[in-house]
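Visitor: The chain contents come next:
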Amino acid sequence: MSLSLMEGNEAVAWGAMASGCGFFAGYPITPATTIFNTLLRIMPPAGGICLQGEDEIASIGYCIGASMAGLKSMTATSGPGISLYSEQISFAVGSEIPLVIVNVQRLGPSTGSATRGADGDINFMRWGNSGGLPVIVLAPVDIKDCFVLTMHAFNLAEEFRCPVFLASNKEIAMTKESINLDAVEKPRIIDRIQSKEENFLPFAVKEGSMVPEFLPIGSKTLVRQTSSTHGEDGYITTDSGIISQFQNRLKNKLESAIDSFSFHDSFIEENADTLIITYGVTGRAAKVVINEQKKAGRPVSLLILKTLWPVPENLIREQAKNAKNVLVFEMNMGQYVHEIERILPDKKVKFFGQMDGRLITPRQIMEAISNE
Amino acid sequence: MNSLLNTGRPPVFCPGCSHERVTKALDKALSNMGISGDKAVIVTDIGCSGLFDTFFNTHAFHGIHGRALTYAAGIKMAKPDLNVIVTMGDGGLGIGGAHLLAACRRNLHLTLLILNNFNFGMTGGQFSVTTPPEAQVGSGFLNRLEKPLDVCDIARSAGAPYVLRCSSYSSNLPDELEKAVRFNGFSLIDIWGICSGRYTKRNKLTPQIIDETLAGLSSCSGIMEENKRKEYGHSYQELSSKLKKVAPPGGIRAEFIFPESDRQEVMILGSAGQRIITSGDILCFAGLTAGLNVTQKNDYNITVLRGPSISEIILSPDDIGYSGIEKPSVIIALAQEGVDRRRYVFSDLDESTLIIRAAGVDIPESRTTMLDVDFKTRGIKSQDWALVSLALLAKIKKVINIDMLNAALKLVFRETVLDSALELVKRVEI
Numbered sequence: 001m002s003l004s005l006m007e008g009n010e011a012v013a014w015g016a017m018a019s020g021c022g023f024f025a026g027y028p029i030t031p032a033t034t035i036f037n038t039l040l041r042i043m044p045p046a047g048g049i050c051l052q053g054e055d056e057i058a059s060i061g062y063c064i065g066a067s068m069a070g071l072k073s074m075t076a077t078s079g080p081g082i083s084l085y086s087e088q089i090s091f092a093v094g095s096e097i098p099l100v101i102v103n104v105q106r107l108g109p110s111t112g113s114a115t116r117g118a119d120g121d122i123n124f125m126r127w128g129n130s131g132g133l134p135v136i137v138l139a140p141v142d143i144k145d146c147f148v149l150t151m152h153a154f155n156l157a158e159e160f161r162c163p164v165f166l167a168s169n170k171e172i173a174m175t176k177e178s179i180n181l182d183a184v185e186k187p188r189i190i191d192r193i194q195s196k197e198e199n200f201l202p203f204a205v206k207e208g209s210m211v212p213e214f215l216p217i218g219s220k221t222l223v224r225q226t227s228s229t230h231g232e233d234g235y236i237t238t239d240s241g242i243i244s245q246f247q248n249r250l251k252n253k254l255e256s257a258i259d260s261f262s263f264h265d266s267f268i269e270e271n272a273d274t275l276i277i278t279y280g281v282t283g284r285a286a287k288v289v290i291n292e293q294k295k296a297g298r299p300v301s302l303l304i305l306k307t308l309w310p311v312p313e314n315l316i317r318e319q320a321k322n323a324k325n326v327l328v329f330e331m332n333m334g335q336y337v338h339e340i341e342r343i344l345p346d347k348k349v350k351f352f353g354q355m356d357g358r359l360i361t362p363r364q365i366m367e368a369i370s371n372e
Numbered sequence: 001m002n003s004l005l006n007t008g009r010p011p012v013f014c015p016g017c018s019h020e021r022v023t024k025a026l027d028k029a030l031s032n033m034g035i036s037g038d039k040a041v042i043v044t045d046i047g048c049s050g051l052f053d054t055f056f057n058t059h060a061f062h063g064i065h066g067r068a069l070t071y072a073a074g075i076k077m078a079k080p081d082l083n084v085i086v087t088m089g090d091g092g093l094g095i096g097g098a099h100l101l102a103a104c105r106r107n108l109h110l111t112l113l114i115l116n117n118f119n120f121g122m123t124g125g126q127f128s129v130t131t132p133p134e135a136q137v138g139s140g141f142l143n144r145l146e147k148p149l150d151v152c153d154i155a156r157s158a159g160a161p162y163v164l165r166c167s168s169y170s171s172n173l174p175d176e177l178e179k180a181v182r183f184n185g186f187s188l189i190d191i192w193g194i195c196s197g198r199y200t201k202r203n204k205l206t207p208q209i210i211d212e213t214l215a216g217l218s219s220c221s222g223i224m225e226e227n228k229r230k231e232y233g234h235s236y237q238e239l240s241s242k243l244k245k246v247a248p249p250g251g252i253r254a255e256f257i258f259p260e261s262d263r264q265e266v267m268i269l270g271s272a273g274q275r276i277i278t279s280g281d282i283l284c285f286a287g288l289t290a291g292l293n294v295t296q297k298n299d300y301n302i303t304v305l306r307g308p309s310i311s312e313i314i315l316s317p318d319d320i321g322y323s324g325i326e327k328p329s330v331i332i333a334l335a336q337e338g339v340d341r342r343r344y345v346f347s348d349l350d351e352s353t354l355i356i357r358a359a360g361v362d363i364p365e366s367r368t369t370m371l372d373v374d375f376k377t378r379g380i381k382s383q384d385w386a387l388v389s390l391a392l393l394a395k396i397k398k399v400i401n402i403d404m405l406n407a408a409l410k411l412v413f414r415e416t417v418l419d420s421a422l423e424l425v426k427r428v429e430i
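Protein chains in written order, with this note's numbering: chain S, 1 to 372; chain P, 1 to 430.
The set of hints was computed from the structure by calculation and includes no laboratory data.
Honestly, I wouldn't trust all of these hints.
Okay, derived cross-link-like pairs now, EDC-like style, lysine to aspartate or glutamate, Cα gap no bigger than 20 angstroms in a straight line [unchecked claim]:
#, chain 1, residue 1, chain 2, residue 2
1, S, K206, S, D191
2, S, K144, P, D319
3, P, K327, S, D191
4, S, K295, P, D262
5, S, K196, P, D38
6, S, K220, P, D38
7, S, K294, P, D318
8, P, K245, S, D182
9, S, K295, P, D318
10, S, K294, P, D319
11, S, K144, P, D318
12, S, K295, P, D38
13, S, K220, P, D262
All chains should be modelled from the sequences, with the hints used to inform the complete structure.
Guide: Structure follows, in structure tokens:
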């Protein structure tokens with residue numbers, strides 16, 4: 001056994017390296033800064049490029065340029081930075097730019113508390129782009145997830161050509177934890193498909209596929225990239241038929257594939273009426289609780305979601321099918337619970353939230369259960 | 001060399017717009033240089049200057065208003081051999097001010113063409129950062145209240161090594177564009193032009209007036225001697241190639257036996273300067289040498305050497321679920337401000353919690369087991385109190401033992417610091 005001690009943020013950085021990330025740009029912000037610090041230490045000596053932008057907008061702009069020139073790219077920030085990223089995220093959504101965005105969430109609103117954790121940006125990440133088209137959001141629970149889900153985030157960004165968020169939290173990102181990296185099961189690396197077409201059209205999709213093949217800016221074949229509404233050729237279009245097809249494809253390419261990347265941990269007890277649904281660091285406290293409940297002969301089921309967006313609806317329905325009561329725990333004032341209520345209209349769904357910089361404790365979860 | 005103009009998409013500017021002259025001049029410059037379409041990218045943003053990428057058979061990147069320089073930088077870093085040409089209007093210039101300053105300071109080999117026509121043409125002729133106060137524009141009286149900026153002076157003082165002012169009507173515009181594109185570093189040309197669709201509807205501006213006005217401004221005719229230096233991309237490669245590769249962390253082997261049977265929670269409550277976080281690290285590494293799962297959370301103010309400093313460590317043979325501390329087995333209380341920040345924890349504790357308390361630290365009423373230590377009388381410096389407390393734990397085989405502690409010290413410290421830490425631990429008596 002070969003152990004090491006690192007923060008969640010360091011694990012994200014090493015996960016990026018293991019994914020073949022060639023470009024990082026970020027602007028310092030607590031609690032995300034140590035991702036930049038780590039990558040600046042390890043990436044340039046390995047031939048990668050790590051930049052500090054003049055601000056957040058520039059940092060993600062650099063990543064967008066580098067990604068379309070062919071490098072796997074990542075940026076990292078916290079809630080205030082995501083606000084500034086917003087216009088560029090919309091660009092990446094609409095122009096199908098592979099990009100990993102780490103959001104190390106801190107207590108908001110606004111400047112909030114730099115060194116206090118929360119999961120307050122869950123809906124913001126999903127809905128904070130103009131046009132409202134879907135993005136992918138993955139939520140790590142611990143340091144191992146920080147490593148593995150970063151790799152999945154890169155894979156998904158490459159496979160679907162879209163921005164993928166890693167919804168970290170100060171409580172995971174800046175907590176040091178033991179890890180045996182050698183023993184972590186790593187996903188196979190996926191790269192964007194390079195087009196071999198003679199008459200390459202940057203936004204054309206092949207029969208049976210919903211994602212355009214890629215060529216980098218600077219390749220032998222000319223490539224057009226644009227933030228404006230475009231046809232297959234990358235030129236502006238006003239044709240509502242083409243526009244409609246394009247918007248539907250952007251939506252469907254992610255939503256129709258969600259079953260293939262519905263990451264989760266589930267602990268379903270046969271005789272349990274109650275199902276806990278949670279995500280992020282709160283999953284750790286919930287796991288303690290269900291273990292204790294089982295020992296005490298009062299089993300409770302638990303579903304920890306690691307893919308939050310698009311909503312893994314089939315997974316949630318399947319896991320909840322035997323439950324009568326569903327308790328949703330979030331480190332915010334109630335966000336994802338509305339998705340659960342929407343998907344499980346026939347269940348009694350209850351919410352427990354806390355957003356004051358403290359972790360939701362096993363004791364609080366226990367109390368909420370015993371009130372059922 | 002053939003023209004790179006896209007014959008399928010001819011320029012669509014308003015009649016009399018000077019942008020068309022710049023389009024043709026740029027084509028001539030690229031043709032004269034013998035650059036093929038695949039060796040160049042035109043990066044644009046929003047507005048009339050944002051149409052440029054569509055007129056050329058080159059790589060094209062059209063993005064958000066004011067942000068063109070950010071994409072261009074990413075592209076250039078990824079593809080250093082590509083000729084990266086950015087067009088921007090006086091609108092994008094105003095929005096992307098921070099990016100312009102950064103580009104000047106950074107000196108990446110990009111060419112920025114500012115198509116400066118003194119107003120926002122596309123949205124109805126509102127005032128921009130270059131609109132003269134006396135002009136009649138689409139923003140009512142507002143432009144009368146603000147001073148227009150001189151982008152060349154700004155670029156020069158921000159460190160741009162190549163800055164040129166010129167007119168869209170200049171006969172040697174293709175040559176000037178070529179010189180700028182060839183320049184190995186950041187080059188900026190402030191190209192003054194006429195917006196026939198909006199600006200000259202209500203304001204008098206002719207090629208002659210442009211020439212006369214330019215003649216009265218400070219001279220910016222290309223290379224700025226005071227800003228000459230190495231190109232950023234080359235320097236980046238040069239410096240990063242000298243760095244040593246970093247191996248992934250790991251390599252701590254489990255070799256000692258944990259003196260406890262279950263999860264142990266430790267709180268170290270002190271103040272900045274007492275090496276609280278370092279001691280938390282040491283405790284974690286000690287845990288790793290016994291093959292344990294560990295977590296460590298630290299809490300301190302952003303100021304250095306002021307305020308409370310807290311490290312909360314969990315060592316456990318089982319998976320660590322919840323990473324918060326509710327019932328510590330040990331509290332090391334070394335400074336009042338650290339204790340005060342965790343005051344709420346004490347009331348629930350019983351005698352199973354051991355508190356190592358530095359003399360003079362006041363602890364809320366509790367039923368814990370207390371070990372009072374007068375570090376000062378023992379002649380121990382404040383920065384060593386936390387380490388000595390760990391040594392005390394090791395001596396009584398609480399949470400860690402002496403083998404684990406010494407092995408951890410060897411992982412954290414080097415040379416003389418290590419020697420003195422080992423010596424300090426050795427000397428500690430209960």
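Visitor: Taking only the CA atoms, is the gap from K196(S) to D38(P) under or equal to 20 angstroms?
Guide: 16 angstroms, holds
Visitor: Has the given pair, K206(S) with D191(S), been kept, meaning a C-alpha gap of at most 20 angstroms?
Guide: Holds, at roughly 17 angstroms.
Visitor: Holds or violated: are the alpha carbons of K294(S) and D319(P) at most 20 angstroms from each other?
Guide: The hint holds at about 17 angstroms.
Visitor: Does the structure keep K327(P) and D191(S) at a Cα separation of 20 angstroms or less?
Guide: Violated: K327(P) and D191(S) sit about 47 angstroms apart, past 20 angstroms.
Visitor: Keeping to a limit of 20 angstroms between CA atoms, is the pair of K295(S) and D318(P) held or broken?
Guide: Holds, at roughly 16 angstroms.
Visitor: Run the distance test for K294(S) versus D318(P): straight-line Cα separation, threshold 20 angstroms.
Guide: Cα-Cα ~17 angstroms, so holds.
Visitor: CA of K220(S) to CA of D38(P), is that 20 angstroms or under?
Guide: Roughly 6 angstroms separates the two Cα atoms, so the pair holds.
Visitor: Regarding the pair K220(S) and D262(P), is the alpha-carbon distance no greater than 20 angstroms?
Guide: Given pair K220(S), D262(P) is violated - Cα atoms ~62 angstroms apart, limit 20 angstroms.
Visitor: Check whether the Cα positions of K144(S) and D319(P) lie no farther apart than 20 angstroms.
Guide: Satisfied, since the Cα-Cα distance of roughly 12 angstroms is no more than 20 angstroms.
Visitor: Starting from K295(S), check that the Cα of D262(P) is at most 20 angstroms away, please.
Guide: 17 angstroms, holds
Visitor: Taking only the CA atoms, is the gap from K144(S) to D318(P) under or equal to 20 angstroms?
Guide: 15 angstroms, holds
Visitor: Hey, K245(P) versus D182(S), does the alpha-carbon distance stay inside 20 angstroms?
Guide: 19 angstroms, holds
Hints 3, 12 and 13 from the earlier list are contradicted by this structure; the remaining hints agree with it.
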